[in-house]
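Protein chains: 2
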Amino acid sequence: MCGIVGYIGQKDGTEIILEGLEKLEYRGYDSAGLAVIDKNRLRYSKHEGKLSNLKESIREEPISGTLGIGHTRWATHGVPSNENSHPHMNGEENIAVVHNGIIENYLILKKELIDRGYTFKSDTDTEIVVHLIDFYYEGDLLGAVTKAVDRLKGAYSLGIISRLHPDELIAVRYESPLILGIGHGELFVASDIPAILNRTRKVVYLENNDVAKLSRDSYLIYNGNRLVEREIKEIEWDIEAASKDGYDHFMLKEIHQQPQAIKDTLLRRIDNNGSIFLENINITAEELKKINRVYIVACGTAYHAGLLGKYMLEQFVRVVVIADIASEFRYNDNFIDEGTLVIIVSQSGETADTLAALREAKSKGARILSITNVVGSSVARESQDIFYTWAGPEIAVASTKAYTTQLVAFYILSLYFGRLKGNLEENLYHEIVNELKELPDKVKKTIYSVDLIAMEIAEKIKDKSSLFYIGRGLDYYTSLEAALKLKEISYIHAEAFGGGELKHGSIALIEEDTPVIAIATQQNLYDKTVSNIKSVKSRGAYVIGITRERNTDLGTICDKVVYLDESFNIFMPLLSVILPQLIAYYTALIKGNDVDKPRNLAKSVTVE
Amino acid sequence: MCGIVGYIGQKDGTEIILEGLEKLEYRGYDSAGLAVIDKNRLRYSKHEGKLSNLKESIREEPISGTLGIGHTRWATHGVPSNENSHPHMNGEENIAVVHNGIIENYLILKKELIDRGYTFKSDTDTEIVVHLIDFYYEGDLLGAVTKAVDRLKGAYSLGIISRLHPDELIAVRYESPLILGIGHGELFVASDIPAILNRTRKVVYLENNDVAKLSRDSYLIYNGNRLVEREIKEIEWDIEAASKDGYDHFMLKEIHQQPQAIKDTLLRRIDNNGSIFLENINITAEELKKINRVYIVACGTAYHAGLLGKYMLEQFVRVVVIADIASEFRYNDNFIDEGTLVIIVSQSGETADTLAALREAKSKGARILSITNVVGSSVARESQDIFYTWAGPEIAVASTKAYTTQLVAFYILSLYFGRLKGNLEENLYHEIVNELKELPDKVKKTIYSVDLIAMEIAEKIKDKSSLFYIGRGLDYYTSLEAALKLKEISYIHAEAFGGGELKHGSIALIEEDTPVIAIATQQNLYDKTVSNIKSVKSRGAYVIGITRERNTDLGTICDKVVYLDESFNIFMPLLSVILPQLIAYYTALIKGNDVDKPRNLAKSVTVE
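If you read the sequences in order, they're chains A and B. First residue of the first sequence: 1, per my numbering; consecutive thereafter. First residue of the second sequence: 1, per my numbering; consecutive thereafter.
These are computed hints drawn from the structure, not numbers from a lab. Just so it is clear, CB atoms sit at the ideal spot from N, CA and C, and this is done for glycine as well. Warning: the hint list may mix true and false statements.
[Stated by the list, open to error] A short list of chain A residues far from chain B (calculated; beta carbon distances all over 12 Å):
id	residue
1	Arg216
2	Glu279
3	Thr284
4	Val375
5	His430
[Unchecked claim] Restricting the straight-line Cα-Cα distance to at most 20 Å, the calculated cross-link-like pairs of lysine to aspartate or glutamate (EDC-like) are:
id	chain 1	residue 1	chain 2	residue 2
6	B	Lys537	A	Glu83
7	B	Lys289	A	Asp337
8	A	Lys464	B	Glu511
9	B	Lys111	A	Asp553
10	A	Lys537	B	Asp123
11	B	Lys111	A	Asp527
12	B	Lys534	A	Glu83
13	B	Lys534	A	Glu48
14	A	Lys202	A	Glu231
15	B	Lys537	A	Glu48
16	A	Lys560	A	Asp527
17	B	Lys445	B	Asp463
18	A	Lys253	A	Glu25
19	B	Lys534	A	Glu104
20	A	Lys560	A	Asp451
21	B	Lys253	B	Asp441
22	B	Lys11	B	Glu61
23	A	Lys253	A	Asp594
24	B	Lys464	A	Glu511
25	B	Lys213	B	Glu138
26	A	Lys591	B	Glu511
27	A	Lys362	A	Glu338
28	A	Lys464	B	Asp463
29	B	Lys537	A	Asp337
30	A	Lys445	A	Glu435
31	B	Lys591	B	Asp451
32	B	Lys253	B	Asp264
Okay, chain A solo, but in the shape it has when bound (with noise of 0.2 Å):
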């Protein structure tokens, strides 16, 4: 995934694209680029690494023009260098494109160029598309790009502009994200929000196959070569809720503001009586009967708060579910009807994989429910039922909030749709759903008191090079999430093992002290654990133990326990992740990683 900026207006768009990269360096940061028209001169600068090598450059050699385009890049094709940067110009430098997402019939295309006389300077898919305009280029800017686009296949969205119309930035959406800011006598293009929000409040959603032609007071939008109108939106979000609060990292504020995103996800849903109000999910109790199986899709992350959600559904609503990563859920000859529902998870709403199978599904008639964190993402804007988690922005690469609120939100809609469907008794329900709003205050409380052992436990793991999670049931779930934190940002190869499945092979991997990290919060899978703890423990494994209070006989058998708050069974999740999170987080830190961009990773993973 890539982030792109744009501006056309009568202020130094230099500082604008620079200031709206910034704010999408979450998008990628393997280099960053940008170009701008001075006085019908196209001028760019582009470095490899961080944003900040480029403002470094820029800073030296100062470039500047109310027209450019600016782009942070996350590597697809082609390693990271200066030369693989975006923006990518044609042989005369009068055309400059940047680029979000795969051009998949790139080698195709580039043979024919090369054929037609063009050369190539980078191993970018994105570079085939500057010659594109070149070649179809007749003097008309926008009927070039239209024509360059129809031989594109695969994902993108485009920033173009031209030295020789210097009034006039292209801008193109397919599969990709991309937005347009709505300001006076200035027009933004950005791939995300924040990218703008300082600027304009102001935007407008572009669609699939739009093609958008910007001037400094007007815009036109043509999608198959027809003028179509495409509605302005408000947005609400608070800029100040990006910044670092005071935290060293974006990861440690997310992590401290769970308790807070806990509650608004619930509290804004359950009356005073208990009773549950959801305003985008329209599935009646007649519909929820006749859905006979449910699929949950997801990636990463998400994918592991699905597996929760499996669980949660399948207890309440009595119905079978199958939770299945979204890469492989789009090529498996699925069982999809009128009577399929399924369940979108992605915190961006922009994840590739997540909304082709979405997209899949949906044709196949599937009633489409999706959990996101992003109000008009392209998940929630194609689904017929949302819930949205409130957590807010989500800046650290690693989630942690997103994830919490994903959890809680599979906690209402199943005790919702339980109730709808009659399967859980009042008294029960009602038990369960006074014990969810005591949730935001253990969870804070857990933080606080993980907080001082997660330093310790990151100290004595930081130079290994595998741990291991294990758990069974739920707990088994969250070692799947706890150990893709600690692989994602202290690049420790951290794997997760159901406690049982253990000995079919993965023991031969534990050797004197390997870490191994067990949770242990199920009460009705506890004795089967602690047989799996002795089996690590007797082969020479350091063993930490996570459980709930009332388990004090781990401590005769682990090398540390960390004991937690007592909850239901279905509840732990919630509490028992929060060490894992914070031993990912220190680790990373001890280790000198950058904890919230960590290497070859970005936040939302918007290409396939």
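Got chain A sorted already, so can you dock chain B onto it with the hints?
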């Protein structure tokens, strides 16, 4: 899991027991021990480590007797040590017990016995058994054992002798396997057939709650205090089949046996007209139509075969299939009714978790179809429908030919059921069956063609701490099995990722020269996998590709590419798993690991 051998007769029991234990070392090799009654004295010897330690000790200080019990241990409660080795004796050392299984309520019983004044020498759960027998003993060994066993919860097969009863061997079975061997003037007890196959071919399978009293020329079996009859079965296995056949290791031998094992599994089922005949599958077309849901339940390698099974059955039988790990499945709130078919996969047919899942599902009304390699195993005996993989005995802990024949089992079953349900058009069916028959030869060719490159790759990866396998669809399932093989015997932390899922976190682990093995045989997913390969390559990974002959372009992208014969997508897993098997083998070999008996692992896992 542990191995038990017992002898009562006229000959030297020590020799017979040691010979039997040798054959059972695949069940555990943390420690070994034996006890014999020698002229009214109880003499014993027990030692940490492999059986050779015990043999050495007995050579130095011989003990013998015509009544005895022996044990080879896989540690569960208590580390491997002399003290924790079996047999365990009471305080006066006149009763000795060997045990396979886990006593779940041992802590309570231990406390009770300590309160009564008993002292414990070991950390094992087993030691409580001998003290309990001692406590109940009033001159009648069988009576004392019966009372003691009544107090136990968990899984246990037991062998018991006493100095006070020099003509009596007691054997108990509950949830752990135990057989009697019937000789002339001598009787045997063993956990598994190979232990006694040199001595007799007549076998009685004890059932749950059986307590057998053996004297030199007769035996009585009690169940719930009632005398019962058990059928005597004749074993037709060849003891030679369990030898190494000239290969350095059982694993290498078993890799090379795969073409024959696949052929055996195939050819007895498919006649010259391509019709499939399955003698132990009783499901009718009518019954098949009523099946609306299939669970495939297994552990470890067999679970990986089950994932392919899910794909095949969904494709050809058009029924929803859910594959689950047995130790998780057991505790899930599954949807089982008379419309549910549960397919159980277990090489040994004794895998404790799998067996427990089978019983759970059966008690809820599911029909059980099992895929197993052992005729007459617990899994087979408790299933309505059975598919035997005719792979022959698999001795190496890391499964190879059992896995590939399990794949073949799923091919045959899904073709058979697909035809039975009328979903498979005749021409297509015959095309697939014809290609299926080609597979033994293609597997054979693959084994020889990839052998050298497997050695080269082993040399390259041997000092790495981590390695990643990636793939999509069926290639992902093969990747899971490939990673497990490497873990089990090379002790390299290998992990498999769905190609599309990598970018959602795990790609953070990729750094310069990290080895990644990409399996790209599924032609419909090839382009997507190539994109995933490029993204790890651009982050510095050393990438080895496994693909079909036609995909020569992969040579320009990967550091090394291994080309496989062409076949249908569905059959490629049978070819693509060969190289990973050999890579695991050679890496373990170069590292000096015990290939056939990797640390911490036992062949078939009969404890939970």
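Practice task
Take the C-alpha atoms of lysine 534 of chain B and glutamate 83 of chain A, compute the straight-line distance between them, and say whether it is at most 20 Å.
Solution key: With a Cα-Cα distance of about 17 Å, the restraint between lysine 534 of chain B and glutamate 83 of chain A holds, given a limit of 20 Å.
Problem - Pairwise hint evaluation, glutamate 338 of chain A against lysine 362 of chain A, where the allowed Cα distance is 20 Å at most - result: 10 Å, holds
Practice task
Assess, step by step, whether the Cα of lysine 560 of chain A is no farther than 20 Å from the Cα of aspartate 451 of chain A, and give holds or violated.
Solution key: 15 Å, holds
Handout entry: Pairwise hint evaluation, aspartate 264 of chain B against lysine 253 of chain B, where the allowed Cα distance is 20 Å at most
Key = This hinted pair holds, its Cα atoms lying about 16 Å apart.
Exercise for the section: Starting from lysine 253 of chain B, check that the Cα of aspartate 441 of chain B is at most 20 Å away, please. Expected result: 17 Å, holds
Practice task
For the pair supplied as a hint, lysine 445 of chain A and glutamate 435 of chain A, confirm whether the alpha-carbon distance does not exceed 20 Å.
Solution key: 15 Å, holds
Handout entry: Given hint glutamate 48 of chain A paired with lysine 537 of chain B - CA-CA distance at most 20 Å
Key = 17 Å, holds
Practice task
Below or equal to 20 Å on CA atoms is what counts here, so check lysine 111 of chain B against aspartate 553 of chain A.
Solution key: With Cα atoms ~15 Å apart, lysine 111 of chain B and aspartate 553 of chain A stay inside 20 Å; holds.
Exercise for the section: Would you check the hint for lysine 560 of chain A and aspartate 527 of chain A, treating anything up to 20 Å between C-alpha atoms as holding? Expected result: 18 Å, holds
Exercise for the section: Test the statement that arginine 216 of chain A is away from the interface with chain B: the closest C-beta pair must be farther apart than 12 Å. Expected result: 38 Å, holds
Exercise for the section: Verify the proposed pairing of lysine 534 of chain B with glutamate 48 of chain A, using a straight-line Cα cut of 20 Å. Expected result: With Cα atoms ~18 Å apart, lysine 534 of chain B and glutamate 48 of chain A stay inside 20 Å; holds.
Practice task
Measure nothing beyond the straight line between the CA atoms of lysine 202 of chain A and glutamate 231 of chain A; if it is 20 Å or shorter, mark the hint as holding.
Solution key: 10 Å, holds
Hint compliance for this structure: hints 17, 29 are not met, and every other hint is.
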